[in-house]
Amino acid sequence: MHTVAQILTGLVAALHVYFLVLEMFLWQRPPGRALSGFDAETARLTAPLAANQGLYNGFLAAGLVWALVIDSLATQVFFLMCVVVAGVFGAATANRRILVAQALPGALALGAALIAG
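Going left to right, the sequence shown walks through residues 87 to 203 as our numbering numbers them.
It is possible that part of the hints are untrue.
[Claimed, not checked] Label pairs and their computed distance ranges (CB to CB):
#	residue 1	residue 2	range
1	T128	A178	16 to 24 Å
2	T179	A120	16 to 24 Å
3	R130	T161	34 to 42 Å
4	A126	T161	34 to 42 Å
5	G96	A120	20 to 28 Å
6	G203	G123	34 to 42 Å
7	D125	I156	41 to 49 Å
8	M87	A148	20 to 28 Å
9	L97	L141	16 to 24 Å
10	V90	I156	17 to 25 Å
11	P117	L185	14 to 22 Å
12	T179	R130	16 to 24 Å
13	L200	Y142	18 to 26 Å
Note that these hints are calculated values from the structure, not bench results.
Idealized CB from N, CA, C, for every residue including glycine.
Modelling step: build the complete structure from the supplied sequences, incorporating the hints.
Listed below in C-alpha cells is the structure:
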C-alpha cells in the first residue's frame, strides 16, 4: 500500500504542477480560457489572480514532492490535507468541478497514505 500511496501522491503533485502552468502561464490563452470560461478581456483582468492561485498550487506540488523525497508520512499527510481543504473550499466558493479535479484525488492519496502508515 505504501507504493500505491506514493504513486497517488506523485500524481496529485503532477496535477498541481499542471494547475500552476494553466493558471500562471496559460490563463489568457485557449487552455486557460477553456478552463475558466472567460472571454479574452475577463481573462486579462483576472490573470494576476490566476497567477496567484497557480503559485499556491506550485507550493502544494513542491510540498508533496518534498514529502516523497524525504519519505515523510507526516509531511505527506499535511500537504494532502491542504490539497483536500483547498479543493473543498474551491468547490464551495468557485466551481463544483474543483471537488472532483482537486479534492477527490487528494482524498484518495490521503486515504492511501493513512492506510499505508
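Now for the hints, and whether the structure bears them out:
no.	hint	verdict
1	T128 / A178: 16 to 24 Å	holds, 22 Å
2	T179 / A120: 16 to 24 Å	holds, 21 Å
3	R130 / T161: 34 to 42 Å	holds, 38 Å
4	A126 / T161: 34 to 42 Å	holds, 40 Å
5	G96 / A120: 20 to 28 Å	holds, 26 Å
6	G203 / G123: 34 to 42 Å	holds, 39 Å
7	D125 / I156: 41 to 49 Å	holds, 44 Å
8	M87 / A148: 20 to 28 Å	holds, 25 Å
9	L97 / L141: 16 to 24 Å	holds, 21 Å
10	V90 / I156: 17 to 25 Å	holds, 19 Å
11	P117 / L185: 14 to 22 Å	holds, 21 Å
12	T179 / R130: 16 to 24 Å	holds, 22 Å
13	L200 / Y142: 18 to 26 Å	holds, 24 Å
When the structure is compared with the earlier hints, no violation turns up for any of them.
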